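Colleague: Got chain E sorted already, so can you dock chain H onto it with the hints?
So the sequences go chain by chain: E and H. Quick note on numbering: the first sequence equals residues 1 to 361 in full-length UniProt numbering. Quick note on numbering: the second sequence equals residues 1 to 180 in full-length UniProt numbering.
Simulated from the structure, these hints should not be mistaken for laboratory data. Take these hints with a grain of salt, some might be off.
Sample of chain E residues facing chain H (criterion: CB under 8 angstroms; computed from the structure) [unchecked claim]:
#1 Met179
#2 Ile343
#3 Asp346
The structure displayed is predicted, hence computed values, not measured ones. Using N, Cα and C, we set each Cβ at its ideal position, and we do this for glycine too.
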Amino acid sequence: MAEEVVLMKGNEAIAHAAIRIGVDGYFGYPITPQSEVLETLAEQKPWETTGMVVLQAESEVAAINMVYGGAGSGKMVMTSSSSPGVSLKQEGISYIAGAELPCLIVNVMRGGPGLGTIQPSQADYFQTTKGGGHGDYHLIALAPASVQEMADFVDLGFQLAFKYRNPAIILADGVIGQMMEKVVLPAPRPRRTDEEVIAQCPWATTGRKNGRKPNIITSLELDPAIMEQRNIHLQQKYAEIEANEVRYEELQCEDAEYLIVAFGSCARIAQKAMEHAREEGIKVGLFRPITLWPFPTKALRERASRIKGILTVELNSGQMIEDVRLAVECSIPVEHFGRLGGIVPDPDEVIEAIKEKLINK
Amino acid sequence: MKQEIIIAGFGGQGVLSMGKILAYSGLMEGKEVTWMPAYGPEQRGGTANVTVIVSDERISSPILSKYDTAIILNQPSLAKFEDKVKPGGVLIYDGYGIINPPTRKDIHIYRIDAMDEANERKMAKTFNMIVLGGLLKIRPVVSIESVVKALRKTLPERHHHLIPMNEEAIKIGMDIIKPV
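Bound-form chain E, shown alone (with noise of 0.2 angstroms):
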């Protein structure tokens, strides 16, 4: 049978894709503009197929300590909010890391900071991966440019929480959350059995049967020896995660002579800009970091030996340029520009930006 195509948002594609792929639990609270993800999950009901819960919780910090319950007994559960809302989170977000479980959190940003607005915005950035909460810990972050990357995310975004036991988080802003394109959704597949948790999941609290050691979840260790060796583990862990788990895109990168570096809705605005830009006979190519930790660090610096310079469009004053810039050890000269507090560029912009940046510096 042919694939269904079907056309549909961003978050509309998150809540479908978490029933299709099992998710055992999600636990949120509307905020634009991502709150199509806890309606279209009301509104088909999956508690009464698939048996998955789905609970508007009473604010963004009961959702995410909800997480951590669900996680803690090896069910796969998620939480989406938007920029205010995830900061919010951040607390609960740095125990399920300390603690070491997976779940996936899903950040639609819009323009900050404060309360801020509606519109899209990527000035989560540096809270995604650089912290966010207290503490050295790292969350898996993919950035979905497309929705078919929103319902493609969610699966993976599971399966490397689960893999790694970290949680991981899909970065996308207000403009994949609302817009609507063409998208596959993953094949269903039912969710795990209670004896399918226990086989995966050895360390959650599933009940403790035929004398095993209790499992016990904390991010509490008083003693600082123990803490620091804790601290080491997790290190290690997140140095395996760097070197397996990079993931990026590179558009018409090989005869480049300037590179955009964007990711998110800015790769597609970059995209547009590349073409036209091209089409003047500016050699332009579109390198797209997928995951923003583990950032593609090593891939930018190759590609960086063989470039004259590099713009970074991002929807912020200029975040993911110092990541940009760590990769290439100022080699070449990088750029940044942005818009900021909900405003979007239109690929004219970018165009404009690369020539006064980049070419006629």
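Modeller: Just chain H now, with coordinates in the frame of chain E:
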């Protein structure tokens, strides 16, 4: 084939749903489509707009600097988008909502009195489908058959009895659109 279209008017005129039907119709024909709304608070009482791209090839940006076709349903939207039609492109406007018509000479301008026609025929709710008919006459991006298929797919079954009226509205739109 690639058509980059902006549809702009007041919130409540059916701008977003017209774009959605167009995008769905493209999907029915196996084309690549994107539908990108301006989802801000300006939709309440101010301008609402949606960018729809229908293409044979993979679509890069859902956000555009220039458009092949602009469908303009009120004066503020004309001010915002008249300059953004590509030279040689098409601008379609509804006579009811526009007091000062477009002035560019390097684009093809069409007028459709869809609001008047809809009110006269007591078909006010099909206003946006009359406009869509006008568009499809000038830019046959998708076939009427695909639009009907899309309506059948997107409308809940209890509204399917309205499909013939919508089909009629499209045909009216095709008849009444005029070059300026």
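Colleague: Given Asp346/E as an interface hint, is the shortest Cβ-Cβ distance to chain H below 8 angstroms?
Modeller: Given a least distance of 4 angstroms, the restraint on Asp346/E holds.
Colleague: At a threshold of 8 angstroms, is the proposed contact between Ile343/E and chain H supported by beta-carbon distances?
Modeller: Violated: closest Cβ of chain H sits about 11 angstroms from Ile343/E, beyond 8 angstroms.
Colleague: Identify whether the interface hint at Met179/E stands, where standing means a beta carbon of chain H within less than 8 angstroms of its own.
Modeller: OK, holds: Met179/E within 8 angstroms of chain H, min 4 angstroms.
Hint violations for this structure: number 2 only, all remaining hints satisfied.
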